[in-house]
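Undergrad: Sequence:
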Amino acid sequence: MININDPMFFAVLRDAAKELLAMHDVSPRVVRYVASMQKWLITQVIVALHFERQQNEACPPLTVGLLIDFFAEQALFSRNTLAAHVAEMRAYGLLVQRESKDKRVRPLQLSVHGEALIGRWLESHLTALDRLDGGHRSSRLASDERQLRCIHPLAVRRLVLDPDWSRPPASIDMFVRTESGSNILHELICKLPAELRDIDHPVCIGPLHASEISTRHTLSRGHVQRVIARAKSEGLLIWSLAGNRGDLLVSHTLLQDYVRWQSIKFKAIAVAFERGQEILNAAETRHPLHSHSREGPR
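Heads up: the sequence shown is residues 1 to 298, going by the UniProt record's numbering.
The list that follows gives simulated cross-link-like pairs (lysine to aspartate or glutamate, DMTMM-like), each with its CA atoms no further than 20 Å apart:
1) K39 - D69
2) K265 - D130
3) K267 - D257
4) K232 - D257
5) K191 - D257
6) K265 - D15
7) K39 - E115
8) K39 - E73
9) K267 - D6
10) K18 - E179
11) K39 - D164
12) K18 - E187
13) K18 - D130
14) K265 - D6
15) K265 - D162
16) K232 - D200
17) K18 - E195
18) K191 - D15
No wet-lab data here; the hints were simulated from the structure.
Could you build all of it, start to finish, from the sequences and the hints given here?
TA: This is the structure in structure tokens:
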């Protein structure tokens, strides 16, 4: 189990934030689709529905209607919001149209590039879990192409239906409800000192300049400053000198809320991995001669 008071977990979260920012640097226009909580939830559900269809042809094809039906009970987003999000993902090549014999249906699927990115996202989280307990999850993911298709939907369904994840604490929501707010939050977390042992007090992360964040994430400096100003007004960010100068300290409230909130995601992925192995092992028992290794013929 994940111990939220374990200094190793702090280190894992810091490195995970660095990895997510590195993914942004490689594909900034694409990663923006998970850079706010709203976009994260919608995008991850789209990906999950795609993989569920890949796993089982009996599942309905990915369409805007299917996405709307998924969120109908939660009432988190309007039909127009969901349709617009799908249209944007298509425009940026993350979703492509599939052939269909039924001209009334316009099924979609995740692009090859999109699958590669979500695979890297899951791999980074499985690697983090392996660091915590010495497991071998990431190597299984790399060696069996079924793992991603099986694990991802299990984790996402668990997270989307968990209000503790989809409706984060106020200190976290202040960041993740805004455009690219998750990236701004990751910028804070990745600067945590490597020797961090506890988060019962404000932690100094050194200087932070809004201009650097705005340039890296292609945001207006004013937008970044507004996010920072709101956090400062709530006592979540404290500068050592007036005028947002000197070293920045991140409050214990923000850090503790972040650690607890992230632990929900890591626990969901850990549970999904274990359940995924049960499902895949059962499938292997039914079809023992069918290989799913990523390796070619020998």
